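A.B. asks: Now for the letters of each chain:
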Amino acid sequence: MSEQHILVVGATSAIAEATLRLWAARGGTMLYLLARDTARVEAIADDLRVRGATVVHPGLLDVADFAAHARAIELAWTTLGRVDTVLIAHGTLPDQARCETDENYALREFAVNGTATVALAGLIAQKLAEQGHGTLAVISSVAGDRGRASNYLYGSAKAAVSTYLSGLRQRLHGRGVSVVTLKPGFVDTPMTASFKKGLLWATPERIAHGIVRAVDRRRAVVYLPWFWRGIMAVIRCLPEFVFQRVKL
Amino acid sequence: MSTTLQSWGRYPRATQQVIRLRDRSAPLPALEGHALPRGNGRSYGDVCLDDGGTLLDARGLDRFIAFDPATGVLRCEGGMLLGTILDFCVPRGWFLPVVPGTRFVTVGGATANDVHGKNHHVAGSFGCHVLAFELLRSDGHRIICTNAENPDWYAATLGGLGLTGLVTWVELQLQRVPGGWFDTETLRFNRLADFFDLSVQSAHDHEYTVAWVDCTARGAALGRGVFSRGNHAMQPTGAHAPHHVRLRMPCTPPFSLVNGASLRGFNALYFHRAPKAVLRASRHYLPWLFPLDHIQEWNRIYGPRGFLQYQCVLPPATAQDGSRELLERIAASGTGSFLAVLKHLGETPSRGLLSFPRPGTTLALDFANRGRHTFELLDRLDDVVAEAGGAVYPAKDARMSGEHFRQYFPAWRQFQAFIDPAFSSGFWRRVSQ
Numbered sequence: 006m007s008e009q010h011i012l013v014v015g016a017t018s019a020i021a022e023a024t025l026r027l028w029a030a031r032g033g034t035m036l037y038l039l040a041r042d043t044a045r046v047e048a049i050a051d052d053l054r055v056r057g058a059t060v061v062h063p064g065l066l067d068v069a070d071f072a073a074h075a076r077a078i079e080l081a082w083t084t085l086g087r088v089d090t091v092l093i094a095h096g097t098l099p100d101q102a103r104c105e106t107d108e109n110y111a112l113r114e115f116a117v118n119g120t121a122t123v124a125l126a127g128l129i130a131q132k133l134a135e136q137g138h139g140t141l142a143v144i145s146s147v148a149g150d151r152g153r154a155s156n157y158l159y160g161s162a163k164a165a166v167s168t169y170l171s172g173l174r175q176r177l178h179g180r181g182v183s184v185v186t187l188k189p190g191f192v193d194t195p196m197t198a199s200f201k202k203g204l205l206w207a208t209p210e211r212i213a214h215g216i217v218r219a220v221d222r223r224r225a226v227v228y229l230p231w232f233w234r235g236i237m238a239v240i241r242c243l244p245e246f247v248f249q250r251v252k253l
Numbered sequence: 031m032s033t034t035l036q037s038w039g040r041y042p043r044a045t046q047q048v049i050r051l052r053d054r055s056a057p058l059p060a061l062e063g064h065a066l067p068r069g070n071g072r073s074y075g076d077v078c079l080d081d082g083g084t085l086l087d088a089r090g091l092d093r094f095i096a097f098d099p100a101t102g103v104l105r106c107e108g109g110m111l112l113g114t115i116l117d118f119c120v121p122r123g124w125f126l127p128v129v130p131g132t133r134f135v136t137v138g139g140a141t142a143n144d145v146h147g148k149n150h151h152v153a154g155s156f157g158c159h160v161l162a163f164e165l166l167r168s169d170g171h172r173i174i175c176t177n178a179e180n181p182d183w184y185a186a187t188l189g190g191l192g193l194t195g196l197v198t199w200v201e202l203q204l205q206r207v208p209g210g211w212f213d214t215e216t217l218r219f220n221r222l223a224d225f226f227d228l229s230v231q232s233a234h235d236h237e238y239t240v241a242w243v244d245c246t247a248r249g250a251a252l253g254r255g256v257f258s259r260g261n262h263a264m265q266p267t268g269a270h271a272p273h274h275v276r277l278r279m280p281c282t283p284p285f286s287l288v289n290g291a292s293l294r295g296f297n298a299l300y301f302h303r304a305p306k307a308v309l310r311a312s313r314h315y316l317p318w319l320f321p322l323d324h325i326q327e328w329n330r331i332y333g334p335r336g337f338l339q340y341q342c343v344l345p346p347a348t349a350q351d352g353s354r355e356l357l358e359r360i361a362a363s364g365t366g367s368f369l370a371v372l373k374h375l376g377e378t379p380s381r382g383l384l385s386f387p388r389p390g391t392t393l394a395l396d397f398a399n400r401g402r403h404t405f406e407l408l409d410r411l412d413d414v415v416a417e418a419g420g421a422v423y424p425a426k427d428a429r430m431s432g433e434h435f436r437q438y439f440p441a442w443r444q445f446q447a448f449i450d451p452a453f454s455s456g457f458w459r460r461v462s463q
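Line by line, the protein sequences are chains A and B.
With the first sequence counted from 1, adding 5 to any position gets you my numbering.
With the second sequence counted from 1, adding 30 to any position gets you my numbering.
Pulled out of the complex, with its shape left as it was, chain A reads as follows (with noise of 0.2 Å):
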C-alpha cells in the first residue's frame, strides 16, 4: 500500500488519538495534526513518530477562530502534497444548565461543535473534491439523532453536523470523496470525566478501532459501538407524547 497522507482536526482530543495511534502503527502514514495546545500536539506527534508514523508535522488552530480556518487548512495541503484522509474530531461538552441561562456561553459552544465542524467539513470536502479523491471522517454524535433535555444544545450542534455530512455525501457521491459520518455513544473521555460509568461506556480504542475500519470501509454512518443503532433507532421512534415525559 502506498503512503497515506491523513489530516487530523482536533488531535488530542482522546478518542483522535487512540486513533491515530493506530494509524501510525501501521508504517507509511505521514500525519498532520491540528490542535489548540502547542505542547500536547508536540508531545501527541513525538509519540506517533516512535510508533511508526513516517513524518508527523503539528499545526496549530483554534477552531473557534474561524477566520484562521483556511490558511490552516492551505498550509496542511501543501505540506502534505496530497491527502487521501481527513479526521474532524475537536469537541467540547458544554454545560447545559449554564446553556439555558447565559446565551453568549451557548452560542459559542454551538459554534465549537457544530458551526466551526461544519465550516471546516465544507472547506475540506472542496479540498477534496479539487483532488478527486478521498475520506472526509467526521466525529458527530449519537446526541445528534435526538434532542434530550440534558444535553440539547450539544445534540442539536451534533445535528447539524449529521445533516450537513448526510447533504455533503449525497453532493460528492460519485467524485471519489467519501463521507463517513462517526457517532459515538458514551465515550469515557477527559470530556466526560465527571459522569458516572456503566454498562455502555466504551474505551476511546474501541472506538478507534470502530472509526479505523469505517474509514478502510468507506462507510457512511456508523454507529460506535455498534449497539447505538439499536438503541437510537428505538428513541428516535418513540413518539413525542411519550419522548417528552421520560428522563433520559
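Incorrect hints may appear among the rest.
To be verified - Below 25 Å or equal to it, Euclidean Cα-Cα: the simulated SDA-like pairs (lysine to any residue) are:
no., chain 1, residue 1, chain 2, residue 2
1, A, K201, B, R89
2, A, K202, B, P59
3, A, K202, B, G71
4, A, K201, A, V239
Said to hold, decoys possible - Here are some chain A residues the structure puts well away from chain B; computed CB gaps all over 10 Å:
no., residue
5, H74
6, W82
7, T83
8, K132
9, S171
10, L177
11, W206
12, R211
13, M237
Quick caveat, the hints were computed from the structure, so don't treat them as lab data.
Quick caveat, the model's predicted, so the values are computed rather than measured.
Each residue gets a CB set at the ideal place from its N, CA and C atoms; glycine is no exception.
We have chain A; now place chain B onto it with these hints.
C.D. replies: Using the frame of chain A, we list chain B on its own:
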C-alpha cells in the same frame, strides 16, 4: 467526585477524589489536602491508596517520547504500561531489562516501587536500568534526575512509593534480544534445601530463575516445589505469540475460592504433574513471564474481603533457616495460595533509598483475608523476618507495623526530607507515625 478505590489486593478500601492527568507539560492540578500519584493500581496494599486525599491518575500519561533503535534507549511518559513497551520493542529486537510478574504496571509504578523480576540475580532491580526521569513537584518545580544529576532525588524516588513527586517521564536502557522466546527448563524439587542448591547451580547459566513452592507441604516434604529457569532464546522460534484463550474471573464469589481443601488439592496436583527430571521447552515470553496475566481480574478469586500478599526477603546467612521457619508456620496455618514463589535475589545493589530488593531469598504468597486469624499469622511471619534481618515489600503490604518497617528500611528517616509536602499515602501514614 469521590470514589471508593481498592488496590490489587482488594484490601483495604479508600475514598478519594480522582483527577486524571493527560499532559506532562502541565503543572499539577490545584490540590486541597493531600494527594498521591497512581499508575495502574497493581500494587497490593495501600502504597497506591490515599484515603481522604486526591488520586492523581497517571494512566493518561502514556506517550512515547523518543526511541533510539541503535542504542535501545527509550524515553516514555510515566503512565505507560510495561506491556505496551514490550508490544513495541520486542518486534524491534529489544526487551525490558527487568519485568515483574505482570505486564500491567506502569513505568512510573515500576520506578516508584523499584520492582524486580526473575532475572534479579543477573540484572538487579528495575531502578538499575532507569537512566533518567523527570520529577514534577506540587510547587511546580521539575527535577531531572539521573545517577549523576540530582543523585539524592534519584535515589529517593526509585522505590520512593510515589511520595517524592510525580514521575512525568522515564528514560530506560532496553536489552537486546533476538526475539520474544525463551529456552526454558522445568524440574521439581523435593525439599527446601534442594531449592537453594538449584538456585546456586542455575544462577550462572540462567538469566531467569524462579521456583513455585508448595506452601501446604509439611515434614520431610516441606519446601518442595517446581523450579523454572530460562534464557532469551538465541533464535526466534516463532514470529508471533501463541494464541491463548483470555480468561476472566467473571464476578466476585461470595466467599474465597481458596481454602484449605482446594489449596492442598491444587498444590499436590501441581507438584506431581511437574517433571521429575529436567524438561526443556521453548516458551513465548507472555505465558512464561506473565502467567497470571491470562486470567483477567484473578484477584476476585479471594472473595469480597480481598487478600493480603506477603513478600519478604531474607539475607543469605539466615535465608535457609528463616524460610523453613516461615514455611512451617504457613503450612501449620492451613492457609496460603496456589501460587507461592521462592526466588534467589542477587548481589547487585538496588539504587533506591527504600528499595526492597537486596541479596538473599525472597518468598511471596497470598492469603485470603480471614480477618484477625490472617493478620495474626502475618505478624508471626514478620517476627521471623525481623529476627532474620530481612525485610517485607511495601508494594505488597497492607498491614506491617511501623516499627517493623523502620527496622527493615533504616533509610526512611533520610527519605522523609524528599517527600513532597502535598503528597501522602495510606501506607506512609501507617508506617511513619
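A.B. asks: Measure nothing beyond the straight line between the CA atoms of K201/A and V239/A; if it is 25 Å or shorter, mark the hint as holding.
C.D. replies: holds (23 Å)
A.B. asks: Please verify that the nearest CB of chain B lies beyond 10 Å from S171/A's CB.
C.D. replies: Given that every Cβ of chain B is farther than 10 Å from that of S171/A, nearest at about 33 Å, it holds.
A.B. asks: Taking the minimum C-beta separation from K132/A to chain B, is that value above 10 Å?
C.D. replies: holds (30 Å)
A.B. asks: Just checking, L177/A versus chain B, shortest CB gap more than 10 Å?
C.D. replies: holds (35 Å)
A.B. asks: For the pair we were handed, K202/A and P59/B, check the Cα-Cα distance against 25 Å.
C.D. replies: Roughly 23 Å separates the two Cα atoms, so the pair holds.
A.B. asks: Taking the shortest Cβ-to-Cβ distance between W82/A and chain B, state whether it exceeds 10 Å.
C.D. replies: holds (27 Å)
A.B. asks: Does the no-contact call for W206/A survive, Cβ to all of chain B over 10 Å?
C.D. replies: Label holds. Min Cβ-Cβ 15 Å, cutoff 10 Å.
A.B. asks: Just want to verify: M237/A was marked as not at the interface with chain B; is every Cβ pair farther apart than 10 Å?
C.D. replies: holds (28 Å)
A.B. asks: T83/A: least C-beta distance to chain B exceeds 10 Å?
C.D. replies: holds (28 Å)
A.B. asks: CA of K202/A to CA of G71/B, is that 25 Å or under?
C.D. replies: With Cα atoms ~19 Å apart, K202/A and G71/B stay inside 25 Å; holds.
A.B. asks: Against the 25 Å threshold, does the CA-CA distance of K201/A and R89/B hold or violate the hint?
C.D. replies: holds (19 Å)
A.B. asks: Any Cβ of chain B at or closer than 10 Å to R211/A, or is the non-interface label fine?
C.D. replies: holds (16 Å)
Comparing the model with each numbered hint stated earlier shows that all of them hold.
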